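Student: Residues per chain are reported as follows:
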Amino acid sequence: MMEQSRPLDALNQARNKRVIVELKNNKQFVGNLKAFDIHINVVLENAEEREGGEMKRKLGTIFLRGDTIILISPE
Amino acid sequence: MMEQSRPLDALNQARNKRVIVELKNNKQFVGNLKAFDIHINVVLENAEEREGGEMKRKLGTIFLRGDTIILISPE
Amino acid sequence: MMEQSRPLDALNQARNKRVIVELKNNKQFVGNLKAFDIHINVVLENAEEREGGEMKRKLGTIFLRGDTIILISPE
Amino acid sequence: MMEQSRPLDALNQARNKRVIVELKNNKQFVGNLKAFDIHINVVLENAEEREGGEMKRKLGTIFLRGDTIILISPE
Amino acid sequence: MMEQSRPLDALNQARNKRVIVELKNNKQFVGNLKAFDIHINVVLENAEEREGGEMKRKLGTIFLRGDTIILISPE
Amino acid sequence: MMEQSRPLDALNQARNKRVIVELKNNKQFVGNLKAFDIHINVVLENAEEREGGEMKRKLGTIFLRGDTIILISPE
Amino acid sequence: MMEQSRPLDALNQARNKRVIVELKNNKQFVGNLKAFDIHINVVLENAEEREGGEMKRKLGTIFLRGDTIILISPE
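Protein chains in written order, with our numbering: chain B, 1 to 75; chain W, 76 to 150; chain Z, 151 to 225; chain G, 226 to 300; chain V, 301 to 375; chain E, 376 to 450; chain P, 451 to 525.
These are computed hints drawn from the structure, not numbers from a lab. As the structure is a computational prediction, the values presented were derived from the model and not from experiment. Note that CB positions come from ideal geometry on N, CA and C, so glycine has one too. Misleading hints may appear alongside valid ones.
Derived, one-sided and incomplete: chain G residues facing chain Z with beta-carbon distance under 7 Å [what the hints assert, rightly or not]:
1. Ile263
2. Asn266
3. Val268
4. Met280
5. Phe288
No farther apart than 25 Å at their CA atoms in a straight line, the calculated lysine-lysine pairs in the DSS-like style are these [what the hints assert, rightly or not]:
6. P/Lys467 with E/Lys431
7. W/Lys131 with W/Lys92
8. B/Lys58 with P/Lys506
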């Protein structure tokens with residue numbers, strides 16, 4: 001249990017992996033987690049917005065402001 | 076009463092146990108509490124989203140941003 | 151008037167007593183106040199959710215995030 | 226004008242007096258102001274909730290979290 | 301332009317003058333600005349609430365919590 | 376690119392010029408930018424509120440609390 | 451992976467490039483990213499507001515307050 005006792009450790013393990021990010025406005029983005037900080041600002045690459053499981057638009061690199069994020073999970 | 080005088084002590088006692096997490100948007104997640112911090116950011120493993128007591132979707136590991144959380148309780 | 155000049159003193163006097171906690175989403179929880187901190191995060195034991203004065207569900211130990219709380223009062 | 230140049234001075238002058246506290250959710254509480262802090266967390270004694278000028282429920286001592294408060298005024 | 305380069309300087313010039321304060325909940329208060337702080341908490345004396353330009357209720361001294369305020373303007 | 380690498384530099388260049396300020400509640404104010412701070416609290420002089428491009432009311436000097444502001448732009 | 455491990459690095463790479471900024475109120479602005487800070491306050495030049503992919507209004511230079519921003523992405 002030594003490893004991963006802090007929430008940001010879990011984000012660190014997801015770095016460069018494909019993650020789902022869900023926002024307070026119910027939007028869902030999927031992309032490769034390139035960066036995050038203590039405010040949970042995140043940068044996704046090869047990102048797309050999804051709706052009902054289907055791709056809504058392709059976005060390339062996106063910066064998402066942390067205070068809009070509810071959930072981050074490896075896909 | 077010495078032990079458990081601070082709220083985070085209660086979260087610490089729930090570590091690695093199955094907890095229910097309820098969010099401001101009324102969503103409910105259940106999973107093993109792997110990590111938390113002073114912002115109440117939490118990481119759940121073997122997580123699932125529930126609705127009306129029934130599983131809605133399986134999610135694996137999820138990071139939940141603290142400011143969206145209302146309640147955490149051992150299942 | 152020396153004693154109880156700060157709001158947290160009042161919470162301290164309610165420690166281990168049965169309190170009502172009302173949230174911004176209009177939910178009401180009742181339980182024994184085990185812990186609180188300066189963010190007004192609280193832990194209740196033998197907690198239950200109430201609606202219209204009647205018990206809605208039994209919850210055991212719950213952690214409530216401070217920024218969702220409006221009011222705390224000894225029952 | 227030396228005295229009362231800061232807002233908390235006005236709250237201090239209202240200490241132990243009957244005040245009306247109005248919240249963001251439009252609820253109105255009346256009670257004796259026993260304590261407050263820089264977050265405007267307040268404790269009222271002999272408190273009651275009012276609606277349309279009439280008493281809705283008696284509450285005894287209540288702790289109100291500052292970030293839900295809009296207005297405090299001596300009755 | 302040396303004088304009044306910071307927003308709080310403008311509030312300072314309005315001290316003891318009659319100001320209109322508009323809140324996020326669309327309420328409008330008018331009174332003599334007695335005190336303010338960096339959070340924009342303000343105290344008004346001889347205050348009244350207005351609606352559609354007409355007095356709705358007389359309030360005496362009121363403390364308004366800064367984070368509910370949108371606009372302050374000398375009447 | 377040395378000059379104007381920080382957002383507040385852009386506000387500084389707009390000082391004493393006529394700016395449009397748009398708020399979270401969709402209100403729009405126009406006036407001469409006299410002062411601002413790091414919270415983006417701003418003071419406008421010769422201010423007016425606009426609606427649909429037309430003047431709704433004249434306001435003189437106004438203090439706008441930063442956390443209600445979405446956008447500031449030279450007219 | 452050394453470069454771009456922090457979210458603000460991604461914004462820095464987008465400096466002087468055309469970016470899309472989406473706000474919590476669903477508004478969308480496009481412009482050249484001239485400046486940003488740790489609050490994610492941003493300044494866009496040659497900015498325009500878009501709706502449904504079409505230009506709604508031309509705005510020149512705009513300052514956008516960080517706490518209203520959800521997403522920033524190179525166009």
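Student: All the hints need checking, so say for each whether the structure fits it.
Tutor: Going down the list of hints, with the structure as the test:
1. Ile263: violated, 10 Å
2. Asn266: holds, 4 Å
3. Val268: With Cβ-Cβ at 4 Å, under 7 Å, it holds.
4. Met280: With a closest approach of 15 Å, the G/Met280 hint is violated.
5. Phe288: holds, 4 Å
6. P/Lys467 with E/Lys431: Distance ~37 Å between P/Lys467 and E/Lys431 Cα, so the pair is violated.
7. W/Lys131 with W/Lys92: holds, 21 Å
8. B/Lys58 with P/Lys506: Between B/Lys58 and P/Lys506 the Cα gap is close to 22 Å, so the pair holds against 25 Å.
Going down the numbered hints, you'll see the structure goes against 1, 4, 6, while the others check out.
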